[in-house]
Amino acid sequence: MEAIYENPEKPRPHLVSILVENRPGVLARVAALFSARGYNIEGLTAAHAEGSERSRITCITTGDSQTMERIVKQLRNLVDVIGVSHGPLESSRILGREMLLVRLAAQGQMRELLEVARKFEARVISRSPGRILLEATGPGPRLASFLKALEPYGVEEVARSGPVVLVGHRKRTGRGSDGRKRPSGSRGGATKRTPLTRRERKE
Amino acid sequence: MARTGSEVLLEALVQQGVDVIFGYPGGSVIHLYDQLLRFPRIRHILVRHEQAAVHAADGYARATGRPGVCLATSGPGATNLVTGLAAAHADSVPLVAFTGQVATAQLGRDAFQEVDIVGITRTCTKHNYLVRNPGELAGIIEEAFEVAGRGRPGPVLVDIPRDILSGPCPPGSPALASSSRKAPRNLGHPLQVKRASQALVESERPLICAGAGVIHAGAHEELLSLAEAGSIPVVSTFLGLGAFPAGHRLFLGMLGMHGTYEANMAVSNCDLLLVVGCRLDDRATARVEAFAPHARIVHIDLDPTSIGKTVRAHIPIVGDAGVVLRQILKELEVRGTSPFPNREDWLQRIRKWKEFQLPSPSPNGRIKPQEVIQELSRLTSGQAIIATEVGQHQMWTALHYRFQKPRTLLSSGGLGAMGYGLPAAIGAQVACPGKTVVDISGDGSFQMNMQELGTLAQYGLPVKLVVLNNGSLGMVRQWQSILFEGRFSQTILSGQPDLVRLAEAYGIPGLRATEPQEVASCLRKGLGIPGPVLMEFQVDPEEQVYPMVPPGKGLSEMLLGSPCPGQEKQMGMAGRR
Numbered sequence: 000m001e002a003i004y005e006n007p008e009k010p011r012p013h014l015v016s017i018l019v020e021n022r023p024g025v026l027a028r029v030a031a032l033f034s035a036r037g038y039n040i041e042g043l044t045a046a047h048a049e050g051s052e053r054s055r056i057t058c059i060t061t062g063d064s065q066t067m068e069r070i071v072k073q074l075r076n077l078v079d080v081i082g083v084s085h086g087p088l089e090s091s092r093i094l095g096r097e098m099l100l101v102r103l104a105a106q107g108q109m110r111e112l113l114e115v116a117r118k119f120e121a122r123v124i125s126r127s128p129g130r131i132l133l134e135a136t137g138p139g140p141r142l143a144s145f146l147k148a149l150e151p152y153g154v155e156e157v158a159r160s161g162p163v164v165l166v167g168h169r170k171r172t173g174r175g176s177d178g179r180k181r182p183s184g185s186r187g188g189a190t191k192r193t194p195l196t197r198r199e200r201k202e
Numbered sequence: 000m001a002r003t004g005s006e007v008l009l010e011a012l013v014q015q016g017v018d019v020i021f022g023y024p025g026g027s028v029i030h031l032y033d034q035l036l037r038f039p040r041i042r043h044i045l046v047r048h049e050q051a052a053v054h055a056a057d058g059y060a061r062a063t064g065r066p067g068v069c070l071a072t073s074g075p076g077a078t079n080l081v082t083g084l085a086a087a088h089a090d091s092v093p094l095v096a097f098t099g100q101v102a103t104a105q106l107g108r109d110a111f112q113e114v115d116i117v118g119i120t121r122t123c124t125k126h127n128y129l130v131r132n133p134g135e136l137a138g139i140i141e142e143a144f145e146v147a148g149r150g151r152p153g154p155v156l157v158d159i160p161r162d163i164l165s166g167p168c169p170p171g172s173p174a175l176a177s178s179s180r181k182a183p184r185n186l187g188h189p190l191q192v193k194r195a196s197q198a199l200v201e202s203e204r205p206l207i208c209a210g211a212g213v214i215h216a217g218a219h220e221e222l223l224s225l226a227e228a229g230s231i232p233v234v235s236t237f238l239g240l241g242a243f244p245a246g247h248r249l250f251l252g253m254l255g256m257h258g259t260y261e262a263n264m265a266v267s268n269c270d271l272l273l274v275v276g277c278r279l280d281d282r283a284t285a286r287v288e289a290f291a292p293h294a295r296i297v298h299i300d301l302d303p304t305s306i307g308k309t310v311r312a313h314i315p316i317v318g319d320a321g322v323v324l325r326q327i328l329k330e331l332e333v334r335g336t337s338p339f340p341n342r343e344d345w346l347q348r349i350r351k352w353k354e355f356q357l358p359s360p361s362p363n364g365r366i367k368p369q370e371v372i373q374e375l376s377r378l379t380s381g382q383a384i385i386a387t388e389v390g391q392h393q394m395w396t397a398l399h400y401r402f403q404k405p406r407t408l409l410s411s412g413g414l415g416a417m418g419y420g421l422p423a424a425i426g427a428q429v430a431c432p433g434k435t436v437v438d439i440s441g442d443g444s445f446q447m448n449m450q451e452l453g454t455l456a457q458y459g460l461p462v463k464l465v466v467l468n469n470g471s472l473g474m475v476r477q478w479q480s481i482l483f484e485g486r487f488s489q490t491i492l493s494g495q496p497d498l499v500r501l502a503e504a505y506g507i508p509g510l511r512a513t514e515p516q517e518v519a520s521c522l523r524k525g526l527g528i529p530g531p532v533l534m535e536f537q538v539d540p541e542e543q544v545y546p547m548v549p550p551g552k553g554l555s556e557m558l559l560g561s562p563c564p565g566q567e568k569q570m571g572m573a574g575r576r
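Top to bottom, those sequences are chains H and Y.
Going by numbering that gives the first Met the number 0, the first residue of the first sequence is number 0, and it counts up by one from there.
Going by numbering that gives the first Met the number 0, the first residue of the second sequence is number 0, and it counts up by one from there.
Treat the hints as calculated values from the structure; they're not laboratory data.
Being a predicted model, the structure only gives us computed values, none of them experimental.
Don't be surprised by glycine CBs; every beta carbon is placed ideally from N, CA and C.
Certain hints may be false.
[To be verified] Restraint-style ranges between C-beta atoms, simulated for each label pair:
1. Asp115/Y with Gly107/H: 50 to 60 Å
2. Asp63/H with Arg42/Y: 45 to 55 Å
3. Ala1/Y with Ala27/H: 24 to 34 Å
[Said to hold, decoys possible] Computed footprint of chain Y on chain H; a stretch qualifies when at least three of its residues, placed anywhere within it, have a C-beta under 8 Å from a C-beta of chain Y:
4. 22 to 34
5. 72 to 85
Throw the hints in and build the complete structure from the sequences for me.
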């Protein structure tokens with residue numbers, strides 16, 4: 000089916016933010032759509048959105064823009080879905096954060112370890128002799144770097160929340176998806192080529 | 000005293016204008032059935048299997064355009080609905096299915112006759128609900144009907160625990176929030192409409208492809224107006240049959256794997272294809288890369304997901320078929336009286352294709368199934384409501400019955416569910432008591448839901464059953480014959496019942512024709528009998544459905560059939576013509 004599209008574009012990770020009615024089974028419905036249509040979910044969060052009657056489901060899935068358009072159209076067809084916004088993960092208008100808990104054995108080099116934690120703005124949640132539990136938030140790639148930096152210190156257990164995301168308005172914020180400040184005036188080439196669709200229709 | 004959930008449900012049905020439900024009782028819905036006795040305004044048709052209840056509701060809906068309603072108990076009653084829901088989902092048929100569920104306190108504990116039917120049917124319904132507290136019931140029912148009928152229609156299931164059906168239900172429960180939220184976008188984007196009209200005006204070889212969306216939208220008159228205004232030929236999808244009168248000079252019949260020669264040739268050669276109300280599935284397009292290779296494609300559909308699903312549209316228009324066609328007509332009107340270029344060449348080519356005759360079946364003293372349907376079409380003037388099962392007889396019906404009006408073909412096109420036709424005919428006959436309703440079936444499909452003869456007999460429904468008996472599962476046999484070198488694996492049926500005596504066992508008259516010259520008289524006699532009747536035609540098992548586009552080929556690469564049976568390999572390929 001894909002072959003009919005002259006579409007040299009490579010699949011890449013996209014973020015889909017789905018505003019839904021807070022009704023029983025709605026998460027299963029969204030997940031069922033992904034599995035029934037053969038799309039893979041790589042990360043998923045769901046929690047209350049503004050007010051208790053709505054929830055926001057955020058997921059990461061990989062596809063080219065045609066696939067993404069199909070997914071989004073099909074999601075919009077679900078009765079409990081109020082609105083969908085989406086965009087490539089690296090877009091500067093995707094404002095996403097994730098939370099990470101990591102337990103380490105922390106053999107000996109505690110000072111060094113705390114230095115790494117400070118660098119990534121992580122907090123110490125609990126500490127006992129030979130054990131330390133850290134909490135960090137940030138964009139996914141940054142948390143991945145954090146985990147990599149922690150590797151030498153005996154990572155025992157990791158729990159990640161999955162992304163929570165808001166899709167930004169046209170006005171640029173100072174920070175890109177990697178959470179770092181961009182030099183002012185720089186325009187991400189990726190953003191320019193792939194304008195984000197923001198179509199949360201609230202009719 | 001507060002009303003029970005059962006009363007609330009039945010009152011809501013009356014309010015929705017429901018006059019008939021198709022159902023089958025059981026433990027979880029016993030309170031509802033008890034209350035049903037107090038609601039004489041709602042007719043209940045007792046089927047013999049829950050699958051028939053949902054197909055009958057489907058047939059009712061297709062014949063009338065109003066949502067069909069069916070009812071089943073929990074557990075096996077509910078699971079027996081699944082095929083029917085999937086069939087209605089695939090063909091966008093509005094219906095509301097109610098199922099009983101075990102009591103709220105027992106939910107999730109593997110109680111007797113408990114299944115998670117909401118989970119099971121999540122992807123084969125448009126939407127579904129489990130009623131969790133009595134206060135929601137009225138609101139959910141209202142929303143269920145709205146969702147079923149709104150936009151692109153579809154089946155909705157409402158699962159109700161037995162304690163909610165039997166217990167008190169607070170009055171005046173508020174409607175659910177979302178009902179008005181997703182109003183479909185009926186009006187086509189004006190700019191796209193302009194572009195489509197411009198493309199129509201510029202085209203030298205335009206063609207319209209009409210799908211079931213035209214019928215759902217009631218847009219057949221607009222379709223006729225547009226076709227005639229621009230002398231634009233029309234092909235139809237299988238489920239679009241009836242949207243345009245067969246026999247009209249501009250009508251080329253069905254396109255697709257078993258489409259007519261002229262329809263498939265026209266699609267393959269047009270320079271503009273105006274697709275209205277269909278999703279262009281693989282049976283319609285054959286090999287996608289070879290579909291309408293020279294054409295710009297304008298695709299009108301109410302459901303944005305239908306556009307561009309398989310074939311890329313150059314001019315997509317989201318909107319109601321009727322509304323958008325009216326917009327286009329208006330746009331053309333503005334452009335003056337005769338905005339179109341001379342298309343005589345194109346129409347001439349189409350006339351040539353129309354004149355082409357398939358090799359006719361060689362007379363061998365056996366009844367040709369195609370001729371049975373041609374005769375039925377003549378005798379009913381193409382005006383009967385025709386239900387079909389799935390298989391060769393279904394495609395012969397599409398090719399040889401000359402449908403004149405919308406909502407006269409009831410068939411499981413998308414899902415292809417055998418056993419659909421008889422119960423769907425029951426639903427249509429209940430909805431339209433004065434009309435001639437015929438179920439055309441093969442001997443294989445007929446046996447898949449033949450227990451419904453009992454329903455026909457109980458209600459005296461005058462459905463005419465035409466069984467084309469070739470002693471085999473003909474369509475699969477045809478594939479085995481053409482694509483598997485004639486190795487017939489499990490497609491020859493033996494141990495068949497005597498169908499005439501089977502009908503008679505139910506008190507239904509049975510007729511049988513075994514010779515070609517008996518066909519017309521058998522049909523005439525059967526159609527003349529006031530009640531239900533079964534007509535069995537023992538047809539030539541060597542007959543195949545042609546044209547046929549083999550898997551992996553484009554629409555123009557049709558097999559056209561061999562003049563003598565048994566010589567399939569000598570068939571001509573139409574593409575060379």
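Tell me, which hint numbers fail for this structure?
-> none
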